[in-house]
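Following the hints, put chain E in place on chain W, whose structure we already have.
2 protein chains.
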Amino acid sequence: MPSSELPPVEETAAGFHIIDGEDHLDEIFDNDIRISRSFSRFQLNEEEYRENYGKVIRELLATGEHKFFVAVDKYGRYLGHAWACLKIDTVDFVPSAYILDIETLFPGRGIGTALIERAEEWAKRMGARKISLRVEVNNPARNWYSKKGYSERAVFMEKPI
Amino acid sequence: MPSSELPPVEETAAGFHIIDGEDHLDEIFDNDIRISRSFSRFQLNEEEYRENYGKVIRELLATGEHKFFVAVDKYGRYLGHAWACLKIDTVDFVPSAYILDIETLFPGRGIGTALIERAEEWAKRMGARKISLRVEVNNPARNWYSKKGYSERAVFMEKPI
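Here the protein sequences line up with chains W and E, keeping their order.
Counting in this note's numbering, the first sequence runs from 329 upward without gaps.
Counting in this note's numbering, the second sequence runs from 329 upward without gaps.
Excised from the complex, chain W in its bound form:
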C-alpha cells in the first residue's frame, strides 16, 4: 500500500527488526546529520555544518573496515542505526571495533539494545578483541553503556582557543 496509508511509525516501531545497513546509507546519514548537530557546542551555519559533517564522514570512512545495521519496522521504515568500524586500537594495538554511532528514533523500546548486540556479534566475528566508544560526559547514555558492560578507559579533554 502507498506509504500515506501506512499506520504511523510510532505504532509499528515495537515490531522492529535489525537488518544490514549497507543499502540504507542515505537514510542513516540523513538521520545522523540532524541528530549530530545537537551535540556540537559551536554555532555553525547550515552550509558550514553540512560541509564539515561531510568531511568528518569521509575521513571516518577512509580507514578501517565498516559495518552498518538499521532497525526497521515491518514496512521497512527506518527506526535507528548502528555504525561500527574495525581498526587497530591506538592504545592497546589490538583489533578493536569502534561504535561510531548508535541512534534510535524511539528510545526505551529495545531498539538500541538490539543494535548494539548486533554490532557486538559482528565485532566478535571479525576478530576484534574489544569494543570501544566515545560518550559525552553529560550524556545519559553513559549509564546505559555501563549497564551493558562497558567501563571507562580514558577521558577526552579539550580546551577552546
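Mixed in with the good hints there might be a few duds.
[To be verified] List of simulated lysine-lysine pairs, DSS-like, C-alpha gap at most 27 Å:
#	chain 1	residue 1	chain 2	residue 2
1	W	K395	W	K476
2	E	K395	W	K487
3	W	K458	E	K487
4	W	K383	E	K383
5	E	K476	W	K487
6	E	K452	W	K383
[As the list claims (entries may be wrong)] Which bits of chain W does chain E cover? Going by a derived footprint, with three or more residues having C-beta under 8 Å, they are:
#	region
7	381-387
8	390-399
9	446-459
10	463-469
Please keep in mind that the hints were generated in silico from the structure rather than gathered at the bench.
Just so you know, even glycine gets a beta-carbon here, dropped at the ideal spot from N, CA and C.
Using the frame of chain W, we list chain E on its own:
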C-alpha cells in the same frame, strides 16, 4: 666532538629548546614505539606489536594535517616530542587540533609544558577552534592537562570480547 665525549643527556636536558620535528621522525617514532607499549593492556609479541604499531601510525597519518615538535639539548639530542593533527572534530564539527602524543624523557623540567605550548600556538595559527586529547583514566597526566586549562568533554568506554 664525537657523541661518546658529550656530557650525559641528563645533565644537558635542562638547557633544552624546541624545534620543528619533521626532520626527526625516526627518533620520534623510535622513542614512541618503546613508550607506547607500556600503555597497552594486551600481551603482544614483538612482531605483532611492531606490525600493529605501524598500522596505527599509518592510519593516523592518512587524514588531517600533521605537525611535529621535538625538544633537544644543545647538542641536538632528543629529549621529547609533541605530535599534533588538525582535523574537523567529529562532535563539534569545527577544526580541532588533536594532540596525538606528547612525551618527555625527563619529566618535571618544563619540557612537556614547552612542547604543549608550541603545539597550541601552531593550532591557533592553523585556525583550530579547540585542542583535544585523550588521556587514560589512571594517568597522572590528567591533572597536568587540567592545570593547563583542559576540561573533560567525553569518556572513552570499552568492553573486552
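Each hint tested on the structure:
With a CA separation close to 20 Å, the supplied pair W:K395 and W:K476 stays within the 27 Å bound. In summary, the hint linking E:K395 to W:K487 is supported, as the alpha carbons are separated by about 18 Å, within the 27 Å threshold. Among the hinted pairs, W:K458 with E:K487 is consistent with the structure: their alpha-carbon atoms are about 6 Å apart, no more than 27 Å. Straight-line distance between C-alpha atoms of W:K383 and E:K383 comes to about 22 Å, which keeps the hinted pair within the 27 Å bound.
Proximity of E:K476 to W:K487 is assessed by CA-CA distance (about 9 Å); at most 27 Å being required, the pair is judged to hold. Restraint check for E:K452 and W:K383: satisfied, since their Cα atoms lie roughly 20 Å apart, inside the 27 Å limit. Interface restraint, the region 381-387 of chain W with chain E: holds (4 residues with C-beta to C-beta distance below 8 Å; minimum three). Only when three residues or more bring their CB closer than 8 Å to a CB of chain E does the claim for the region 390-399 of chain W stand; here the count is 3, and the claim holds.
Given as covered by chain E, the region 446-459 of chain W passes the check, having 7 residues with a CB less than 8 Å from a CB of that chain where 3 are the minimum. Remark: the region 463-469 of chain W is confirmed as covered by chain E, as 3 of its residues place a Cβ nearer than 8 Å to a Cβ of that chain, reaching the required three.
Hint check: no violations occur; every hint is consistent with the structure.
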